[in-house]
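**Student:** All chains should be modelled from the sequences, with the hints used to inform the complete structure.
Number of protein chains: 4
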Amino acid sequence: MPSETSRIEAFSDGVFAIAVTLLILEVKIPPITQASLASQLLQQWPSYFAFLLSFLFIGIMWINHHRLFTHIKRSDNGLLILNLLLLLGVTAVPFPTAVLAMHLRGPGARTAAALYNATYIVIAVFFNLLWRYAVSKKLLDQSSAESAHAISRQYALGPLVYVVCLGLVWVSISLSLALNAAVAVFFAVPARVAGSRSQR
Amino acid sequence: MPSETSRIEAFSDGVFAIAVTLLILEVKIPPITQASLASQLLQQWPSYFAFLLSFLFIGIMWINHHRLFTHIKRSDNGLLILNLLLLLGVTAVPFPTAVLAMHLRGPGARTAAALYNATYIVIAVFFNLLWRYAVSKKLLDQSSAESAHAISRQYALGPLVYVVCLGLVWVSISLSLALNAAVAVFFAVPARVAGSRSQR
Amino acid sequence: MPSETSRIEAFSDGVFAIAVTLLILEVKIPPITQASLASQLLQQWPSYFAFLLSFLFIGIMWINHHRLFTHIKRSDNGLLILNLLLLLGVTAVPFPTAVLAMHLRGPGARTAAALYNATYIVIAVFFNLLWRYAVSKKLLDQSSAESAHAISRQYALGPLVYVVCLGLVWVSISLSLALNAAVAVFFAVPARVAGSRSQR
Amino acid sequence: MPSETSRIEAFSDGVFAIAVTLLILEVKIPPITQASLASQLLQQWPSYFAFLLSFLFIGIMWINHHRLFTHIKRSDNGLLILNLLLLLGVTAVPFPTAVLAMHLRGPGARTAAALYNATYIVIAVFFNLLWRYAVSKKLLDQSSAESAHAISRQYALGPLVYVVCLGLVWVSISLSLALNAAVAVFFAVPARVAGSRSQR
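Taken in order, these protein sequences are the chains called A, B, C and D.
Under my numbering, the first residue of the first sequence is numbered 1, with each subsequent residue one higher.
Under my numbering, the first residue of the second sequence is numbered 1001, with each subsequent residue one higher.
Under my numbering, the first residue of the third sequence is numbered 2001, with each subsequent residue one higher.
Under my numbering, the first residue of the fourth sequence is numbered 3001, with each subsequent residue one higher.
Treat each hint with caution, since some may be false.
Stated by the list, open to error - PhoX-like, lysine-lysine: derived pairs with alpha carbons at most 25 Å apart: (1) A:Lys28 / C:Lys2138; (2) D:Lys3138 / D:Lys3073; (3) A:Lys28 / D:Lys3028; (4) A:Lys73 / D:Lys3073; (5) A:Lys73 / B:Lys1073.
As the list claims (entries may be wrong) - Label pairs and their in silico Cβ distance ranges: (6) D:Glu3004 / A:Ala181: 25 to 33 Å; (7) D:Lys3138 / C:Gln2142: 34 to 42 Å; (8) B:Arg1074 / C:Arg2153: 25 to 33 Å.
Said to hold, decoys possible - Stretch-level coverage of chain D by chain A, calculated; a stretch enters the list once three of its residues show a Cβ under 8 Å from a Cβ in chain A: (9) 3015 to 3029; (10) 3077 to 3086; (11) 3098 to 3105; (12) 3111 to 3117.
Derived by calculation from the structure, the hints in this document are not laboratory data.
Note that CB positions come from ideal geometry on N, CA and C, so glycine has one too.
**Tutor:** So, in structure tokens, the structure goes:
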């Protein structure tokens, strides 16, 4: 018998997979012009940068979603709706990504970077809501108590650091995006606790 | 052994996931112009509104589909075809959504809102057809009789309220869309009955 | 333990689901112009027609793929490759669909309809190759002998009728497309045989 | 109970399925012009060629991913991340494909073909990293030792031959792409070893 959460996972996998794959559609194909193709390709580095950063972010979100659902074993209507809110954030990512790629070298760079970081704050909040709901409603596997505590602590940091990223936009856009990437890497590593399944 | 309906669910999950993720492609990236990026981003609020409304709608349809298939345990050729009709409605949603986003502030607002509501009437009818077929052909889990009755009653309301939404378009477009959103929330909550699995 | 063909089915489900959902992207959003939105929407009926026809076709192909894999229980490298060829045909469908939608009322209507039917001939041939390979390599469930025979007979008709559809393009484009749609409906109904699982 | 790698496979299946299906979006629909539709369709043969080549490549990568995960039975955080890197390569494929299709007959043909081959080198390296990690961390099925050795040997060739393809671009673009296609076919056939499951 499939587990109670298997279809939530399947639907979420689909949304993550599509969102991450749609990102490439925002990288434009240079037309045939006087300029050499190589120089045109190099010139659109902000598109590659935004693609890579968002790929990293969505990919690591998927790893985290996967990790949470190794602990979440039961489902209810609230979980379905909170998971849907999280997916709303995920599906939106290609939009701020494309805005960032288009405006990173223009006068709208600050606005674009702020929108990008703001999206991540919202997603980090939704991740916390989903997880805390699952913990408080006791939807977790019984053996997950310790890991759950470690995850709760790690996740609480998420919205905070993304708020810092957002604030940094008015100091230095590059610094803000560099911190943003560093945070993604931080969440790729599982929360530190003995006996966590995802830590082997 | 996988259940008889598992591949129907997998295919449907895919279609729902893609339809919901494609919605973001209709939100246009503002080009670099004289106007500030921030004001350009704010100006296209109808795109965000249409995106959110359709995300909500498709997401809640997915929850309902999931809920129906916790009861539907057997499959036949008629169910495959009726499920396909429902998915036809789901895949179509990005089109009326984009039409609404484009025309909500133009002279075609009424037509766009009517098209939008008409799509939802059709989908609500397909949902009823699928469910009633499954009930009448006894494709349900044996323990589902009570829940089934509650779902049948709730679903019968769907086409009716969307017809009201459509009619309201000629009274007030805003009111029509507000009711439309309220209906989605109504269907996010499972039909009221004791012992339903999705009610915990 | 998942069955040996479960990942082939999952990947194929994904491809079918995406191909069928991408079709809607080819239906263009009318811009804001002098003309009324309603008349613009009506004018692009060939887009809706092509969308519906291709949705029907891909949907029914999925039903057939699902039906074949209720019989196919083992997998080998040849099956993987033939399944991939079939999916090549499926993923290509949005292109001839969009060509048909664009040119159905123009001077290129005959060419567009011929391309459309030619795609379906190729897919029908790939379906036959996949199925006959599975039969000849004894990859089927043991209880499937009778159904297998009925399917083989039904599928042999596929390429033939699509060749007729193609030929009809030079007689009457409408007739050709009408026959095309009728063939899809014919394949929605399972091959006639006693005891087939998909016949209930 | 689902296997430990089942959700990695589901997510990867989604990404492969989407990447392979998005390829068709890069094949442009000829507009209505003076020129006959047939001649316009024929003129864009580089688009079809690039579509077919990339479909072949992604499809065969999927077969290889499927083959690897018939051996990989356990998962850890490193495997998740290396799998993500591989998927990064897969999702990127539609971009060099579209660049190749656009520039194959223009002055940028060499650059486009070099970019195309370079993408494949990167993916081949990621495939090797994933596989070697799984071997070294003993994440394989116990019965897979012999097959594992054969796969390791076959995969080691991948980056090398794609480097040769890249070098050939400065000799003959056609030759380079022909070798590229031949390599794909080579990887469609499983590594030669007795007792491999995928060799039946």
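**Student:** Does each hint fit the structure? Answer for all of them.
**Tutor:** Against the structure, the hints come out as follows:
Taking the CA atoms of A:Lys28 and C:Lys2138, the gap is about 47 Å. The hint is violated against a cut of 25 Å. Between the alpha carbons of D:Lys3138 and D:Lys3073 the distance comes to roughly 9 Å, so the proposed pair stays at or under 25 Å and holds. Proposed proximity of A:Lys28 and D:Lys3028 is supported: the alpha carbons are some 14 Å apart, at most 25 Å. For the given pair, A:Lys73 sits about 21 Å from D:Lys3073 by alpha-carbon distance, which is consistent with the 25 Å threshold.
Pair hint A:Lys73 plus B:Lys1073 holds up; C-alpha atoms about 21 Å apart against a cutoff of 25 Å. Evaluation of the 25 to 33 Å hint for D:Glu3004 and A:Ala181 yields a pass: the beta carbon distance comes to about 29 Å. At about 37 Å, the beta-carbon gap between D:Lys3138 and C:Gln2142 stays in the expected band of 34 to 42 Å. The hinted range of 25 to 33 Å is satisfied by B:Arg1074 and C:Arg2153, whose Cβ atoms lie roughly 27 Å apart.
Check result for the segment 3015 to 3029 of chain D against chain A: holds, 7 residues qualifying (beta carbon to beta carbon below 8 Å, three or more required). Only residues whose beta carbon comes within less than 8 Å of a beta carbon in chain A count, and the segment 3077 to 3086 of chain D has 4; three or more means the coverage holds. Against chain A, the segment 3098 to 3105 of chain D contributes 4 residues with a C-beta closer than 8 Å to a partner C-beta. That satisfies the three-residue criterion, and the hint holds. Counting residues of the segment 3111 to 3117 of chain D whose CB falls under 8 Å from any CB of chain A gives 3; the rule of at least 3 is met.
Hint 1 from the earlier list is the only one contradicted by this structure; the remaining hints agree with it.
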